[in-house]
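Chemist: Can you build the whole structure from these sequences, using the hints too?
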Amino acid sequence: MLINTAYRTPGGWTTEAGMIQGDRIQEKQLYDLLNLENFQLFVLEIDNKLLGCIGVSLRQQVAEIGSFAVAPAEQNSGYGKQLLDFAESHIFEIFKKKVIQMSVLNVRTELLAYYQRHGYQLTEKIEAYPLGQKLGEPLIPLHLLILEKIIRSI
Numbered sequence: 001m002l003i004n005t006a007y008r009t010p011g012g013w014t015t016e017a018g019m020i021q022g023d024r025i026q027e028k029q030l031y032d033l034l035n036l037e038n039f040q041l042f043v044l045e046i047d048n049k050l051l052g053c054i055g056v057s058l059r060q061q062v063a064e065i066g067s068f069a070v071a072p073a074e075q076n077s078g079y080g081k082q083l084l085d086f087a088e089s090h091i092f093e094i095f096k097k098k099v100i101q102m103s104v105l106n107v108r109t110e111l112l113a114y115y116q117r118h119g120y121q122l123t124e125k126i127e128a129y130p131l132g133q134k135l136g137e138p139l140i141p142l143h144l145l146i147l148e149k150i151i152r153s154i
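Residue numbers 1 to 154, in UniProt numbering, belong to the letters of the sequence shown in order.
In short, the hints are calculated from the structure, not lab data.
Glycine included, every Cβ here is placed at the ideal spot set by N, Cα and C.
Please note: incorrect hints may appear among the correct ones.
With a Cα cut of at most 30 Å, we get these calculated DSS-like pairs of lysine-lysine [said to hold, decoys possible]:
| # | residue 1 | residue 2 |
| --- | --- | --- |
| 1 | K28 | K49 |
| 2 | K81 | K134 |
| 3 | K28 | K97 |
| 4 | K98 | K125 |
| 5 | K149 | K125 |
| 6 | K98 | K149 |
| 7 | K97 | K125 |
| 8 | K134 | K28 |
| 9 | K81 | K149 |
| 10 | K149 | K134 |
| 11 | K81 | K28 |
| 12 | K28 | K125 |
| 13 | K81 | K49 |
| 14 | K81 | K96 |
| 15 | K81 | K97 |
| 16 | K97 | K149 |
| 17 | K149 | K96 |
| 18 | K125 | K96 |
| 19 | K98 | K81 |
| 20 | K125 | K81 |
| 21 | K134 | K49 |
So the derived label-pair ranges between C-beta atoms look like this [claimed, not checked]:
| # | residue 1 | residue 2 | range |
| --- | --- | --- | --- |
| 22 | R59 | G18 | 28 to 34 Å |
| 23 | E45 | N106 | 18 to 24 Å |
| 24 | K98 | V43 | 23 to 29 Å |
| 25 | I94 | L50 | 20 to 26 Å |
| 26 | H118 | I46 | 21 to 27 Å |
| 27 | K134 | N48 | 27 to 33 Å |
| 28 | I94 | P141 | 17 to 23 Å |
| 29 | L131 | L36 | 21 to 27 Å |
| 30 | I94 | G119 | 31 to 37 Å |
Modeler: Here it is in structure tokens:
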């Protein structure tokens, strides 16, 4: 599964290998997500090859980005930026949301920097790593930092 390959195997710059043991998402969890009314998963395919995906969850005033992955062999090719730009445009133009949030592991400084370069700001919100939810078990102390971006126009 693309999300597990991108985050749990060595090689890509999004890997969490060495930080978290186990799959990032189970097949049933993905199936359940895909069946939620307030969730959409967008995929990037070229020549029938799955290159990336990004998920959007809608809440009252906020859209949340998650399930964001690019195949390790395709990372640093601009596909992540394309997916993020598409999701942000869709959130603003179709879903009519102006606030986007996402959570990032506190130790993922390169991901935090990537999102900050794309206009996301750290908030003061911190969440505990979700233990016992079949998202993998941390090998080091972890928590989630919440980032936010306000879209004024696209």
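Chemist: Would you mind marking each hint as holding or not holding in the structure?
Modeler: Against the structure, the hints:
1. K28 <-> K49: holds, 22 Å
2. K81 <-> K134: holds, 28 Å
3. K28 <-> K97: holds, 28 Å
4. K98 <-> K125: holds, 19 Å
5. K149 <-> K125: holds, 14 Å
6. K98 <-> K149: holds, 8 Å
7. K97 <-> K125: holds, 20 Å
8. K134 <-> K28: With Cα atoms ~10 Å apart, K134 and K28 stay inside 30 Å; holds.
9. K81 <-> K149: holds, 15 Å
10. K149 <-> K134: holds, 28 Å
11. K81 <-> K28: Roughly 28 Å between the alpha carbons, so the hint for K81 and K28 holds.
12. K28 <-> K125: Judged against 30 Å, a Cα distance of about 29 Å means the pair holds.
13. K81 <-> K49: holds, 18 Å
14. K81 <-> K96: holds, 21 Å
15. K81 <-> K97: Since the Cα atoms of K81 and K97 sit roughly 20 Å apart, the hinted pair holds (cutoff 30 Å).
16. K97 <-> K149: Between K97 and K149 the Cα gap is close to 11 Å, so the pair holds against 30 Å.
17. K149 <-> K96: At roughly 14 Å apart (the allowed maximum being 30 Å), K96 and K149 satisfy the hint.
18. K125 <-> K96: Holds. K125 to K96 sits at ~24 Å (cutoff 30 Å).
19. K98 <-> K81: Answer holds: K98 to K81 is near 19 Å, not above 30 Å.
20. K125 <-> K81: holds, 25 Å
21. K134 <-> K49: Holds, at roughly 27 Å.
22. R59 <-> G18: 28 to 34 Å: For G18 against R59, whose Cβ atoms are near 32 Å apart, the range 28 to 34 Å holds.
23. E45 <-> N106: 18 to 24 Å: violated, 32 Å
24. K98 <-> V43: 23 to 29 Å: Hint holds: Cβ distance 25 Å, inside 23 to 29 Å.
25. I94 <-> L50: 20 to 26 Å: For L50 against I94, whose Cβ atoms are near 23 Å apart, the range 20 to 26 Å holds.
26. H118 <-> I46: 21 to 27 Å: Since the Cβ atoms of H118 and I46 sit about 22 Å apart, the hinted range of 21 to 27 Å holds.
27. K134 <-> N48: 27 to 33 Å: With Cβ atoms ~30 Å apart, the hint holds.
28. I94 <-> P141: 17 to 23 Å: violated, 39 Å
29. L131 <-> L36: 21 to 27 Å: Holds - the Cβ-Cβ distance for L131 and L36, about 22 Å, lies within 21 to 27 Å.
30. I94 <-> G119: 31 to 37 Å: violated, 19 Å
The structure shown violates the earlier hints numbered 23, 28, 30.
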